[in-house]
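**Student:** With these hints in hand, go ahead and build the complete structure from the sequences.
In order, the protein sequence lines correspond to chains A and F. Per the working numbering: the first sequence ends with 386, consecutive numbering throughout. Per the working numbering: the second sequence ends with 288, consecutive numbering throughout.
Keep in mind the hints are simulated off the structure, nothing from the lab. Do not rely on the hints blindly, as some may be mistaken.
Here are the in silico distance ranges between beta carbons for each label pair [claimed, not checked]: (1) 260(A) with 277(F): 23 to 33 Å; (2) 366(A) with 114(F): 20 to 30 Å; (3) 105(A) with 117(F): 27 to 37 Å; (4) 218(A) with 277(F): 16 to 26 Å.
Not the full set, but computed from the structure, chain A residues with beta-carbon under 7 Å of chain F [to be verified]: (5) 124; (6) 178; (7) 184; (8) 185; (9) 188; (10) 196; (11) 352; (12) 363.
The C-beta atom is built at its ideal place from N, Cα and C for all residues, glycine as well.
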Amino acid sequence: MRGIGFNSLTMSLGFLILIGIYGMVADTATTSYLHAMVELMILAYSLNLFTGLSGYANFGHVVFYGLGAYTVSVSAVGLSSMGMSLPTPVYVLGAGVFAAIFALVIGFPILRLRGDYFAIATLGINEAVRVTICNTKELGEGRGIYILGLVPSYDIKMLYIQLLLVAFAVVVTTHIVLKTKLGYGLRAIRADEDVAEIMGVNTSKYKIMAYALGAFFAGLAGGVVTLQFACSFPEYLFIGRSVDMFSAIIIGGIGTLLGPLIGSVIFWIVKDALLIQFPYFHLIIFGVALIVLILFFPRGIVGLANRVLAKRGKVLE
Amino acid sequence: MAFELLAQTIINGLFIGFLFGLAGMGLTLIFGIMRILNFAHGAIIMLGAYTAFWIFILYSINPLVAILIGTVAGLIFGVVLYMILVNRLVRAPALASLLALFGVSMILENSMLNLWSPNPRSIPVDYPTISYGLVTISGSRVLVSIVAIAASVLLLATLKWTRFGRMIRATVQDSRAATLMGVDVNKVYALGFSIGIALAFLAGGLLALIYPFEPFGGLQYALYSFVVVVLGTLGNPAGCLFAGLIIGLIHSITGSYWTLNMSPAVAYLILVLTFLLRPGGIMAGRE
Numbered sequence: 070m071r072g073i074g075f076n077s078l079t080m081s082l083g084f085l086i087l088i089g090i091y092g093m094v095a096d097t098a099t100t101s102y103l104h105a106m107v108e109l110m111i112l113a114y115s116l117n118l119f120t121g122l123s124g125y126a127n128f129g130h131v132v133f134y135g136l137g138a139y140t141v142s143v144s145a146v147g148l149s150s151m152g153m154s155l156p157t158p159v160y161v162l163g164a165g166v167f168a169a170i171f172a173l174v175i176g177f178p179i180l181r182l183r184g185d186y187f188a189i190a191t192l193g194i195n196e197a198v199r200v201t202i203c204n205t206k207e208l209g210e211g212r213g214i215y216i217l218g219l220v221p222s223y224d225i226k227m228l229y230i231q232l233l234l235v236a237f238a239v240v241v242t243t244h245i246v247l248k249t250k251l252g253y254g255l256r257a258i259r260a261d262e263d264v265a266e267i268m269g270v271n272t273s274k275y276k277i278m279a280y281a282l283g284a285f286f287a288g289l290a291g292g293v294v295t296l297q298f299a300c301s302f303p304e305y306l307f308i309g310r311s312v313d314m315f316s317a318i319i320i321g322g323i324g325t326l327l328g329p330l331i332g333s334v335i336f337w338i339v340k341d342a343l344l345i346q347f348p349y350f351h352l353i354i355f356g357v358a359l360i361v362l363i364l365f366f367p368r369g370i371v372g373l374a375n376r377v378l379a380k381r382g383k384v385l386e
Numbered sequence: 002m003a004f005e006l007l008a009q010t011i012i013n014g015l016f017i018g019f020l021f022g023l024a025g026m027g028l029t030l031i032f033g034i035m036r037i038l039n040f041a042h043g044a045i046i047m048l049g050a051y052t053a054f055w056i057f058i059l060y061s062i063n064p065l066v067a068i069l070i071g072t073v074a075g076l077i078f079g080v081v082l083y084m085i086l087v088n089r090l091v092r093a094p095a096l097a098s099l100l101a102l103f104g105v106s107m108i109l110e111n112s113m114l115n116l117w118s119p120n121p122r123s124i125p126v127d128y129p130t131i132s133y134g135l136v137t138i139s140g141s142r143v144l145v146s147i148v149a150i151a152a153s154v155l156l157l158a159t160l161k162w163t164r165f166g167r168m169i170r171a172t173v174q175d176s177r178a179a180t181l182m183g184v185d186v187n188k189v190y191a192l193g194f195s196i197g198i199a200l201a202f203l204a205g206g207l208l209a210l211i212y213p214f215e216p217f218g219g220l221q222y223a224l225y226s227f228v229v230v231v232l233g234t235l236g237n238p239a240g241c242l243f244a245g246l247i248i249g250l251i252h253s254i255t256g257s258y259w260t261l262n263m264s265p266a267v268a269y270l271i272l273v274l275t276f277l278l279r280p281g282g283i284m285a286g287r288e
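**Tutor:** Now the structure itself:
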């Protein structure tokens with residue numbers, strides 16, 4: 070390997086620093102464009118931590134993002150009714166922690182399921198939470214909760230820095246996971262869970278760790294977005310959002326360190342271009358592209374690059 | 002009054018339950034045979050609804066005939082989809098087949114949206130309501146239930162007594178052993194998948210007689226179908242029909258005594274409880 074993993078890490082972090090500087094000097098429109106791209110990147114990494122490494126199809130990942138968003142808005146409303154307010158990073162951290170706790174609670178039962186059963190269960194939980202929010206008066210029903218003026222004043226550049234810090238954290242976490250027993254265990258589970266278990270991998274512990282870790286970062290992203298838009302909607306839990314995340318990690322290379330980054334940048338630029346060019350047909354084009362990618366390039370761009378690089382004895386992660 | 006409401010609720014629930022059961026049957030058949038969860042099930046149900054709707058509107062024929070023609074169209078659609086895509090997914094990992102079918106669902110939903118607008122539609126026919134003692138039931142629900150029961154009985158009888166049915170059941174039990182016994186597994190896959198899609202088209206067409214539908218309306222039916230097939234043991238059509246009735250009853254009771262909006266949440270709660278308490282579904286071990 071000869072320290073090649075370090076190269077992938079420096080490339081990812083270097084790219085984040087570059088778009089960080091660019092976002093700070095650019096006008097606010099560009100900053101919010103990049104803000105949305107980095108948000109997708111974090112979600113892609115958080116999905117990659119569990120689904121990418123273990124191969125478990127989590128179709129309810131947005132539930133953590135949505136719960137993170139609601140954690141911020143509900144706590145902001147609650148605290149302001151008592152005349153209090155907290156610095157923004159505290160809200161964001163709270164969002165991540167709540168999402169991770171929720172993941173631990175639901176993870177114990179549903180991580181016993183495999184393959185299609187797991188996919189159904191995650192989808193079901195996601196929809197159950199969304200429908201419950203839509204029908205709970207205290208959670209604003211379908212209208213959402215608005216927190217304008219209840220949290221410290223709004224500044225897109227400040228939020229962008231916070232989001233970039235989260236992105237840094239998720240990239241470094243992914244790197245660490247890939248290099249430690251957790252990552253090897255998860256990849257063994259993806260290859261064959263029964264064999265992994267027989268070989269001494271503590272499969273249920275590893276699965277729940279990765280599941281909660283992914284939920285934590287998705288919750289953080291949801292928290293920052295709630296601060297950005299000063300509201301949280303049930304729309305945040307719409308499973309259509311999973312399309313973006315899955316597309317990003319499949320384009321880039323599932324279960325890799327560079328993949329979610331490359332994938333989400335390409336996906337975001339292409340999606341924007343297609344949306345402007347073909348406002349009515351872009352999702353059809355995406356559907357076709359998703360199928361073609363899965364059938365013919367299941368390892369994504371990182372996989373393709375590795376086919377070339379392997380001849381020179383190098384590997385990207 | 003309280004008793005009347007209860008009786009009405011139960012009758013409504015049972016009648017809608019047959020439709021839920023039928024909607025899940027295509028899904029469970031495909032899963033049983035190919036171990037593929039058809040993630041595009043909801044979009045395909047909606048496509049079935051549109052197909053029946055357009056045949057009915059353009060040729061102004063009896064809606065039931067339109068629905069039956071739509072079902073045959075579904076069979077053809079299933080064969081085409083199998084030839085183009087699904088045959089490549091049979092031996093792929095679960096994640097790959099789920100995502101590819103999710104892609105199919107995106108293509109179908111957005112095509113329907115572009116072709117036929119997001120406006121809700123329904124097949125506009127009025128059947129006389131039937132009153133019997135305490136309860137009143139709309140004629141279309143009775144009709145839908147009769148067709149759903151007939152289709153289910155036909156499917157179960159085919160599986161049980163015909164040569165093709167035995168081939169399907171052999172493939173469900175062990176596809177490799179079935180191949181060794183001379184079953185053309187690829188043919189079984191293609192036909193089984195197409196029948197599953199045809200059943201989804203039939204469910205969609207029948208649904209259009211009772212409820213309005215729109216391009217993205219499939220998601221909720223797909224989710225109900227998932228609950229039904231898991232509760233009724235994945236891959237077991239008879240269990241699926243039974244589970245459909247249970248979910249229909251729960252749907253109706255939630256609607257009468259709480260609010261219909263919460264019905265999906267209650268259904269998913271049952272899904273999670275099924276996974277916890279009886280992961281194999283109610284028909285586990287009763288093949």
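**Student:** If you check each hint against the structure, which ones fail?
**Tutor:** Of the numbered hints, just 4 does not hold.
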